[in-house]
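Student: Taken in sequence, the protein lines are chains Y and A. Here the numbering used here is used: position 159 in the first sequence is 159, and no number is missing along the way. Here the numbering used here is used: position 120 in the second sequence is 120, and no number is missing along the way.
Each hint should be verified, as a subset may be incorrect.
The list cannot tell twin chains apart, which means a pair is met if one copy fits it or any two copies do.
[To be verified] Each computed SDA-like pair below joins lysine to any residue, with the alpha-carbon atoms no more than 25 Å apart:
no. : residue 1 : residue 2
1   : K183      : A244
2   : K112      : S186
3   : K39       : D86
4   : K112      : D66
5   : K39       : V240
6   : K247      : S115
7   : K112      : Q33
8   : K247      : V42
9   : K34       : L52
10  : K112      : Y28
11  : K112      : A20
To be clear, the hints were calculated from the coordinates, so they are not data collected in a lab.
There are 2 protein chains.
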Amino acid sequence: PDLTPGQFNLVYNMFSFTIATMFAAFVYFVLAQKNLAPKYRVSMMVSALVVLIAGYHYFRIFGSWDAAYALEGGQYVFQDDQPFNDAYRYVDWLLTVPLLVVELVLVLGLPKGESGSLMARLGFAAALMIILGYPGEVSGDASLMGERGLWGFISTIPFVYILYVLFTELSSTIQRQSGRVAKLLSNARLLLLATWGFYPIAYMIPMFSAGYPTETPGAVVALQVGYTICDVLAKAGYGVLIYAIAKAKSEEEG
Amino acid sequence: PDLTPGQFNLVYNMFSFTIATMFAAFVYFVLAQKNLAPKYRVSMMVSALVVLIAGYHYFRIFGSWDAAYALEGGQYVFQDDQPFNDAYRYVDWLLTVPLLVVELVLVLGLPKGESGSLMARLGFAAALMIILGYPGEVSGDASLMGERGLWGFISTIPFVYILYVLFTELSSTIQRQSGRVAKLLSNARLLLLATWGFYPIAYMIPMFSAGYPTETPGAVVALQVGYTICDVLAKAGYGVLIYAIAKAKSEEEG
Ligand SMILES: CC1=C(/C=C/C(C)=C/C=C/C(C)=C/C=O)C(C)(C)CCC1
Ligand SMILES: CC1=C(/C=C/C(C)=C/C=C/C(C)=C/C=O)C(C)(C)CCC1
Chain Y
1 PDLTPGQFNL VYNMFSFTIA TMFAAFVYFV LAQKNLAPKY RVSMMVSALV
51 VLIAGYHYFR IFGSWDAAYA LEGGQYVFQD DQPFNDAYRY VDWLLTVPLL
101 VVELVLVLGL PKGESGSLMA RLGFAAALMI ILGYPGEVSG DASLMGERGL
151 WGFISTIPFV YILYVLFTEL SSTIQRQSGR VAKLLSNARL LLLATWGFYP
201 IAYMIPMFSA GYPTETPGAV VALQVGYTIC DVLAKAGYGV LIYAIAKAKS
251 EEEG
Chain A
1 PDLTPGQFNL VYNMFSFTIA TMFAAFVYFV LAQKNLAPKY RVSMMVSALV
51 VLIAGYHYFR IFGSWDAAYA LEGGQYVFQD DQPFNDAYRY VDWLLTVPLL
101 VVELVLVLGL PKGESGSLMA RLGFAAALMI ILGYPGEVSG DASLMGERGL
151 WGFISTIPFV YILYVLFTEL SSTIQRQSGR VAKLLSNARL LLLATWGFYP
201 IAYMIPMFSA GYPTETPGAV VALQVGYTIC DVLAKAGYGV LIYAIAKAKS
251 EEEG
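Work out the full structure, taking the sequences as your base and the hints as a guide.
Tutor: Here it is as structure tokens:
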């Protein structure tokens, strides 16, 4: 749809903000590693990779957004020959979402056998969730009972599995940690729930906007803004919390 | 040929995915070096160079693909004045394939005299394989009995030589390693076989698609997707396995 300058620029500037945030977070996570015990450094390295990959994709998303609209007569008019590429987000998530769960498991510092199986199961479920959500995202039929609703529903199954593992299996592991670390870990788990939980909500916006996407500028903008806020919190914000956990554990274990 | 948006975008997004993966792998291999004994660091450095070179080439390939097609009336129309440049791949391989065999030999940790000769022979054969495959790739005559088939056949001779060396000469060397390392090394050799083996298969796709490339959009897409998956596994995936080997050897040798 065509956008007002305010709508177009809101998204444009949020993308730029996110590029800056991701690359700055990358530098921070790389440099902060040396404050940690060697055992926990790999977790920060994974964090660094996540925000680097995200920075790259926001750079592409920004370019695609910029090319998809042109200012004509005071309105940002959608360019049919250069459509906005939704897939960058999903490609990004396909790489980063499994890494985010790996990061959480690594910072737990479990014995090798246990952590390998946890990472494999959670990483696989995370990738499956993203792959199953994609056909709904790009489908022309955005209704609740249509393709968007159907794929969204199927993609929720691995999502629920991930939450189930985090909130049942992992609970005893978290309780085994010291008071301060246990607190931080259960915060990280909550941050994961709080940020990840907004993705399906954002995904649902178009379902309630008849005529999406061609006739609903508001829903197009809300979806981009929603996903972007989630990404900043779920990647950079989450990485800072993982750093705090790794720091606390490094200090405790001397 | 002209492509549907689905075909064009599949290749487009896979190229973008690969750029992100290669550069993230580069950062990982550079930073992970310090976890290894100094003796094995050079092998990871070679891995890092391989994915850096590949990231650069995928950046170019992505740009070339994007410029070679334009969206007109719902179809991606091939632009005669900006053809897709196949040569980027071969230039990339010419640099990276010899480095990949060097990497494998380095992680074996052989005495100096032995490893030098192995690297020289395998690296030379690898370069020869790529050079001989190129005329067939760009030939207009893609048939099995035509130029593509002929050059493909000639290029298979150094390929078979490489496999012969890896699976005969190297076997005794691998058996001399400890149980865990021997297992990892023979996995690396199998991953090499599994990923390298798909390149000639992808190369053959056009041979069975009459009218390639102008009349066969499916074969054009399948070739790009096939080569891209191989490259991710043969460079980044393989590098991770080499890292695991180097880590295991570092720990064993204290
Ligand atoms: C459940 C569900 C979804 C969940 C997506 C999630 C949870 C994405 C998380 C992304 C993260 C954490 C990215 C940043 O790092 C989809 C695919 C929207 C489709 C609708 C159903
Ligand atoms: C045998 C053969 C080929 C083999 C190519 C190979 C084995 C390429 C490997 C490339 C790698 C490993 C790149 C990434 O790092 C060609 C040239 C397709 C031509 C047909 C015959």
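Student: State the violated hints by number, sorted upward, taking the hints as numbered earlier in the document.
Tutor: 3, 4, 11
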